[in-house]
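Q: Now for the letters of each chain:
Number of protein chains: 4
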Amino acid sequence: MPDTLIKVDLEQSAYDNEQVHNRWHPDIPMACWVKPGDDFVLETYDWTGGFIKNDDSADDVRDIDLSIVHFLSGPVGVHGAEPGDLLVVDLLDIGTKAERQWGFNGFFSKQNGGGFLTEHFPYAQKSIWDFHGLFTDSRHIPGVSFAGLIHPGLIGCLPDPKLLETWNDREIGFIATQPDRVPPLANAPFAPTAHMGKLQGAARDTAAATGARTVPPREHGGNCDIKDLSRGSKIYFPVYVDGAGLSVGDLHFSQGDGEITFCGAIEMAGWVHMKVDLIKGGMAKYGIRNPIFKPSPITPHYNDYLIFEGISVDEAGQQHYLDVHVAYRQACLNAIEYMTKFGYSRAQAYSILGTAPVQGHISGVVDIPNACATLWLPTQIFNFDISPNASGPVKHITSGVDLPLSLDRV
Amino acid sequence: MPDTLIKVDLEQSAYDNEQVHNRWHPDIPMACWVKPGDDFVLETYDWTGGFIKNDDSADDVRDIDLSIVHFLSGPVGVHGAEPGDLLVVDLLDIGTKAERQWGFNGFFSKQNGGGFLTEHFPYAQKSIWDFHGLFTDSRHIPGVSFAGLIHPGLIGCLPDPKLLETWNDREIGFIATQPDRVPPLANAPFAPTAHMGKLQGAARDTAAATGARTVPPREHGGNCDIKDLSRGSKIYFPVYVDGAGLSVGDLHFSQGDGEITFCGAIEMAGWVHMKVDLIKGGMAKYGIRNPIFKPSPITPHYNDYLIFEGISVDEAGQQHYLDVHVAYRQACLNAIEYMTKFGYSRAQAYSILGTAPVQGHISGVVDIPNACATLWLPTQIFNFDISPNASGPVKHITSGVDLPLSLDRV
Amino acid sequence: MPDTLIKVDLEQSAYDNEQVHNRWHPDIPMACWVKPGDDFVLETYDWTGGFIKNDDSADDVRDIDLSIVHFLSGPVGVHGAEPGDLLVVDLLDIGTKAERQWGFNGFFSKQNGGGFLTEHFPYAQKSIWDFHGLFTDSRHIPGVSFAGLIHPGLIGCLPDPKLLETWNDREIGFIATQPDRVPPLANAPFAPTAHMGKLQGAARDTAAATGARTVPPREHGGNCDIKDLSRGSKIYFPVYVDGAGLSVGDLHFSQGDGEITFCGAIEMAGWVHMKVDLIKGGMAKYGIRNPIFKPSPITPHYNDYLIFEGISVDEAGQQHYLDVHVAYRQACLNAIEYMTKFGYSRAQAYSILGTAPVQGHISGVVDIPNACATLWLPTQIFNFDISPNASGPVKHITSGVDLPLSLDRV
Amino acid sequence: MPDTLIKVDLEQSAYDNEQVHNRWHPDIPMACWVKPGDDFVLETYDWTGGFIKNDDSADDVRDIDLSIVHFLSGPVGVHGAEPGDLLVVDLLDIGTKAERQWGFNGFFSKQNGGGFLTEHFPYAQKSIWDFHGLFTDSRHIPGVSFAGLIHPGLIGCLPDPKLLETWNDREIGFIATQPDRVPPLANAPFAPTAHMGKLQGAARDTAAATGARTVPPREHGGNCDIKDLSRGSKIYFPVYVDGAGLSVGDLHFSQGDGEITFCGAIEMAGWVHMKVDLIKGGMAKYGIRNPIFKPSPITPHYNDYLIFEGISVDEAGQQHYLDVHVAYRQACLNAIEYMTKFGYSRAQAYSILGTAPVQGHISGVVDIPNACATLWLPTQIFNFDISPNASGPVKHITSGVDLPLSLDRV
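Residue numbers (my numbering), protein chains in the order written: chain X, 1 to 410; chain G, 1 to 410; chain C, 1 to 410; chain F, 1 to 410.
Be a bit skeptical, because a hint or two may be false.
Unchecked claim - For lysine-lysine, the following DSSO-like pairs were computed, each having C-alpha atoms within a straight-line distance of at most 27 Å:
(1) Lys97/G - Lys97/C
(2) Lys234/G - Lys7/G
(3) Lys162/F - Lys280/F
(4) Lys294/X - Lys97/C
(5) Lys341/F - Lys294/C
(6) Lys395/G - Lys395/X
Read the hints as simulated data drawn from the structure, not as lab findings.
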């Protein structure tokens, strides 16, 4: 078995683990070093560092301080990596921690993060998903089970100072355009809860003050939440600093395209077995600005779908110009409405869209004024027939179970 | 063989065919009638009614009057169909016309329609694609050939007066917010070039004045340009008028997600063999607002992809809030840049994205402020290895061939 | 559209068509000539030349003179092809004849050909399958419909005199080991019903006397009945004579691995659109003795199967040594028995195995004394759930319809 | 994590582990008990109990005493299981032992077991395969690597006395027809090396004298070596004794259809995470004689193949009647010959066929006198292009590495 270069103890605070960090900054020291061609294992916390519990209350989802996320394992230094190279990462395998055979999915309160459909689901809710080998199901959502398309939500290399400055300028400037918005337009650096890995004292404080938050995907990859970046994938990352500095975390047992529920996919602690290599000068050779990747040869092959369309006219009938975001929201709302006819609550249906291997396609994006987006719901994840027929839908879900909900504190 | 209920003669003007129309209006008379359970064939013009020629000039793409599109075959009346029903349509097969074994793809001039990347490709360009049974290739784009994922770009039922009014109010109001924009925000009704099928005289003129243009996808489906709505699919359409009034056209031999080139996918004339059936009261039973569908069991299974990421920061470095449109544009530009390293012109690369079975996924849409979109380029369509490796790219395309370009008339 | 080099008139006897033949012999003149790189269309009769009718009697299956089969279109001469080359054939598309939208499947009487399970199904039976675009179903077998994996059962190049002699020596010698067997061990040349294409008079008679029957697959390919050699495939055929002499026929709309019913798959008349090219000296370069091929990128992707196992102990409990034939027969019998629990007659079940895209795998072939074969029954072809569950099977097939059967004449 | 009910210590002799056995007999006591609905983990030895080493000599393959195989973990008793039930087994996951990240493949000497192509490969040879997460490669076979289709070669329930008697009668009688054959026709019970689990003393000796060897697949399943019975599969086993008595072993990291190399697939020690349930009286309800199963939704999806044909004429030109075994052997020999053109030794090519996810199809089995079998070689497992083209093959494999070979002792 390859060496485990970073271990995490789920009983210990992530802040006490020097090989973990929750901000992007070139000054974060390498947690460990490897050579091109090496393969090794990194353990990771779940993105919240264990804040969300396996219980039947959404209070933790409501109360979490989102400035603490995401706890990443790394950075891993790669000998010989230089700015302009491509770091080739093979995700040889990804797994769960033996002692933690469950994950969570939820919706944040509109007061604390919100989500894609936060106008429709304004309060904190949560579902717990149990792992059974390759498969998962939830006691909060009957009638559905599926094989996980396991992947890291967040992976990428350290930015250099210039790239970091670009990020900060761009996002702080953006926040300034609408500073009081709830949820906010973006998240500015925030030193108090920054975990800068091995960096200590004044150096830590200086870096923490400008360390980029880990929430958005950016040029380096980062929090892309691409469900298909699954075990077996091969990724080509831009390198900005000597040693590359690869970090990974925010593992998902499964996720739908868009990660629309935002309090994650099926969020889990676990480990990643990866191999690294270099393409010297690869950024210029291949004209690479963002990471590119090749998908895994071994992923769940559900191929019977029920496909919902949405156009860029919003719920209020308002026209938007070729807006795929609006179109996808309509496709999602259409799918939720449909699933309620089989007995699901709207919250259960929303959670299915966030967790199952749902595809979201940009189907048409030029037919003014309407974009068309499609949501592909795999029918084989349901243990009943969810296709339409002449006799109409049967209410298969009759258990009365629903997702726990926690109202906002007043 | 089933009856061909609508025939088109490619030598004849589409305006002279009474079973063809190019606007949506409830007053358009049924072109023919069928019963639930019937299967039948409809022939169709290409969307421009034959305006674009198989030659090596883009003048026709530059000069086309876009108010004439799309020429649809129908409406087909279905006995017993009533508002609130779902019309179940099986696309049993779709094919080309024996006498027209080619299709076209192009980019409109920014002065005449534009497209997804019109800032980057402001002038009219065109490529011609030859059909070889299931496969296609283009003399303007070497090194690539693929099996067609053949489908109608446009299909749907007639709106009722109330829905039509909603469309017109919504879109005319939208145009009014920026009336001088080029390309425009939307297309208002335009009587002079309206083809209202069998409707003649004053009734024709009245309907033509408010007939909705066929460009955007809307609640009824319409110009969705969903590449996966291919032969073998089963679609459930909302019915708004007695008899349903199903029309179809704008056939594509193949298309990438988004139809980003806008002067189409690989546009073709052809025929559709379909079967219709009804789910009485299905709209309410299943909570249907837009069409839903099930994909075909028989489609090209290219499954090795090179996947490009894009985030919602535009080419100028400007931040956009969770804007999937911007993110997908970046993914497309990244793919184009990459392909140039193998010898393609940017126009050739753009055309490949518009025509090949490229997937566009809404990968992450909650990680503020950046949406993440991915563009999936199937590697098996190239007759050389397009994956990155340590030795760098090889310029395989060295023929000097490129897409014809026509500058705007002055 | 490419030229149709061979046309067949289904109202005319195949014997009257000079571009058709039903024996393999190097003296058969080329029916037409093409150049490497050409693509063209060949029409074909069904394998029996139209003997089997679309009706509800199996008398024609019982009474057919099997010495007349298979009626092949060709041979097509390819300029420049020489012995030792590989002829590269792209099956660009395959289709049905517009005027004949149906095919047949049947079991021969044990007295006239028999079949894989002739001990269990000793009498002539037949089912008729209607084509609906890409799909087929049968009035004789309710509850099942599927997309066709359309392919030629028989395709290959003319043998040279030496190869022909090898075949005749081998097979005539083999028949001599058990000359009175019913069904026979093999079929010897038989001049009276031979159709030698353009060859006439004494030359015809001489060749007919030694022309190899078309029933078995041989070194050149021939009647391989490989269901995956479908439209979109690329095949590399050994060339034995100048001009190659490619012939094709015995089209199948769909077939299960093994073509176990023998009176065919779903047998049809139709056309093949193909392209030819050469690899000069390819047989030696690649060490080719039998054809090799690459499968189509566009085939039905049913992927949920119920898999039945069989071992090489026969129905009587008799042990056979690593005999895959016996093992596959047991797997087939197991599948038939299983399907009867849902209401199918044994004949209907047998016919499903012969016609649907069933896979037959050689699973284990070294674990003495038992071979293990598996039969993969696609579950998605049934319009009900055919998987086992705790409540036991439901008899979905209750119509009382069955396959017509004709007892042997006495 | 579920309980590990059977642990194996790879440093300890399998004979010392009471929860392991290597014969089938109803008297073997249950190693442990579970309830329907339970999920649990069983660890297993490799099939030889660790006899084959990770080195560069084939002496161990030559010298192994094959009467010791296969070491199975179990039997697991299932409360409530009775004869006539179906035991439903979900293979939730399968994995390797952390301390043993490699497996072996080999050919037995013709003097000691032989194999499918033993006439062509008469001496002991071996290759070692290293595991890298989901993937494997071998230092003895350059240019090839692939994702494992991991599965148990051997799994099934205990026979009852009557079934055991049937087996013994059948196989001992069969051996008697050719008692001196090398390799033998079958393996008779053999007490000295029998490991009867917890059974001790006289009871052990009595049972050992009639305990069926584990080599062949039989009615209960057993050593089926079905590569597709992979993790994620659901299997329905016949139950013959109270408690069912499920045993499993002979794990394979990957295997080609037929397991033609016989000294295994890629043989490994590991663990199986499974869940059990019951269908009461299921054997009669569903007419089950052999196990049936549903494949996994998550397996490697290599889908580009080079397909080789074989017919039932053997290497000496001898005709065999519809003999799939002979036909598959020819297809294998054709593939081996082909691979040598790219630089592989014949032994390397043979090993690839035994280990990679190669498909073996029974393509045609009625076209007298020739069966047609096809071998599907996935092209995506090679790190070079192995398809034919006009310029001829390139010798990519030039390292001079080959499989270790050990001549027979004299």
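Q: Taking the hints in turn, state whether each one holds.
A: Verification of the hints:
1. Lys97/G - Lys97/C: holds, 16 Å
2. Lys234/G - Lys7/G: Satisfied, since the Cα-Cα distance of roughly 23 Å is no more than 27 Å.
3. Lys162/F - Lys280/F: Measuring from Cα to Cα gives roughly 21 Å; hence the hint holds.
4. Lys294/X - Lys97/C: Cα-Cα ~42 Å, so violated.
5. Lys341/F - Lys294/C: holds, 18 Å
6. Lys395/G - Lys395/X: This hinted pair is violated, its Cα atoms lying about 59 Å apart.
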